[in-house]
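K.L.:
So the chains spell out like this:
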Amino acid sequence: MNNCSFYNNRINKAAELIEKAKSDIFNGKINKINLVWLELTGCSGNIISLLNGNNPDFTYLITDMVNFIYNNSLLAAEGKFAIENLYNILKEDYVLAVEGAIATKNNGLYNIIGRIADKPLTALEAVKTFGEKAKHVIAVGACATHGGVSAARPNPSESVSVQSVLNRKVIKLPGCPCHPDWFMGTLAHILLYGEPELDNLDRPIMFYSTLLHDICPRRSYFDKGIFAEKLGDKTCMFKLGCRGPVTRVDCPLRQWNDYVNWPIKDDTPCIGCAQFGFPDAMEPFINYDTTRIINNE
Amino acid sequence: MPYAYTKDVLLNSLREKISFLNIFILKNNKLPQNRNIDIYVNAAPQDNTFTLEELAFYNGKNGNPAYVAVNGIVYDVTNNAAWAAATHFGLTAGRDLTSAFSSCHTGNASILNSLTAIGTLINE
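Listed in order, the protein sequences are those of chains A and B.
Residue 296 is where the first sequence ends in numbering that gives the first Met the number 0, and the numbering goes up by one at each step.
Residue 123 is where the second sequence ends in numbering that gives the first Met the number 0, and the numbering goes up by one at each step.
Hints are computed from structural coordinates only; laboratory data are not their basis.
C-beta atoms are modelled at their ideal positions from N, C-alpha and C, and glycine is treated no differently.
Careful: at least some of the hints might be erroneous.
Said to hold, decoys possible - Computed spacing ranges between beta-carbons, pair by pair: (1) A:Leu230 <-> B:Lys16: 38 to 46 Å; (2) A:Arg114 <-> B:Lys16: 49 to 57 Å; (3) B:Gly71 <-> A:Tyr6: 40 to 48 Å; (4) B:Lys16 <-> A:Asn26: 26 to 34 Å; (5) A:Asn11 <-> B:Leu90: 52 to 60 Å; (6) B:Asn107 <-> A:Asp222: 29 to 37 Å; (7) B:Gly71 <-> A:Ser219: 34 to 42 Å; (8) B:Gly106 <-> A:Asn26: 45 to 53 Å.
The task is simple: from the sequences and hints, build the whole structure.
P.N.:
What follows is the structure in structure tokens.
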């Protein structure tokens, strides 16, 4: 791959943290924490992304690091028993991960995630109940952090971000979806050292600080003004509408799906999925209607 | 903490401090000098003033440059990285974006220092 130690450090950050967390738990230095994962007004893309985690992988997470209390897509229990298990965790310490936005129209009736005491349990009620009491709340994915796709124009369900309905600090992990390393690295940091360093928008600095444009492998093309004219070109896609310059995240280093690829490497521009405002503020995702390319250079 | 993580924290706080310092510099700034723009065929009017109607032509589409106006000054954002496809967080070029700028970049007016000023906005 690469001999740069800084590069390797960044890639392995999540794995390092998880390994240390695992060994500390094994040696009895720290306890496994309880993790509740609520899928609300969203597409469940973030739990799918988490299952794609490689280094570390999902099995390590649920066997050696956390007691995974609840996730409606993955748990074995059903119906009443599942919801009862969920409500029992309120007596203990737990970390709450929320993916998906919160539909607020008609008092949240647009997103029902179960039944409690013979009444429908709305996403709105669930996040208020579990969010206030949690030790840490992590908003996973674009919809949870700022409304994302669920809140895109015209937003018929009146979906909002997790922070808008909670009166406490929420760690935000934007991304559509959130990369498994970003979530597991944050969780491991919480386990070992408590809440990670956050920037002024509550994103962990260890994953979200560098502008994608500043670590893009095609940056020299941008600096020299050598621009792609269509998808599939190997040069800078600024003229096609690449959102790399306004997105702070480490995709060029970490890449996706077992660290093999990412949009720009595959000759398609960045659409800014890990920046607040996605998708409405990042449109158009592709544009062929741009400024003239000067030919006499 | 692993070294790579410490560097991110330092860079982040440096960025915030530089941003903060820039505000003081901006307070002492005069109007930026107009730059040479003769590489574009459709050059700006000779007197370098724009009405809103003239400005609308420079929307970055169909080979036109992309200009935006903030606080009465017209800036060329054609090659500005944050204005890919002549759009920026849902805004289009060729318009007066004073209110959009102040509502989003409050306290960060130094961003304007890094832009290329090419004229002024006048009322018709």
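K.L.:
Each hint should be assessed against the structure and marked as holding or not.
P.N.:
Okay, the hints, checked on the actual structure:
no.: 1; hint: A:Leu230 <-> B:Lys16: 38 to 46 Å; in the structure: holds, 40 Å
no.: 2; hint: A:Arg114 <-> B:Lys16: 49 to 57 Å; in the structure: holds, 52 Å
no.: 3; hint: B:Gly71 <-> A:Tyr6: 40 to 48 Å; in the structure: holds, 45 Å
no.: 4; hint: B:Lys16 <-> A:Asn26: 26 to 34 Å; in the structure: violated, 40 Å
no.: 5; hint: A:Asn11 <-> B:Leu90: 52 to 60 Å; in the structure: violated, 39 Å
no.: 6; hint: B:Asn107 <-> A:Asp222: 29 to 37 Å; in the structure: violated, 24 Å
no.: 7; hint: B:Gly71 <-> A:Ser219: 34 to 42 Å; in the structure: holds, 36 Å
no.: 8; hint: B:Gly106 <-> A:Asn26: 45 to 53 Å; in the structure: holds, 47 Å
Consistency with the previously given hints fails for numbers 4, 5 and 6, ordered from lowest to highest.
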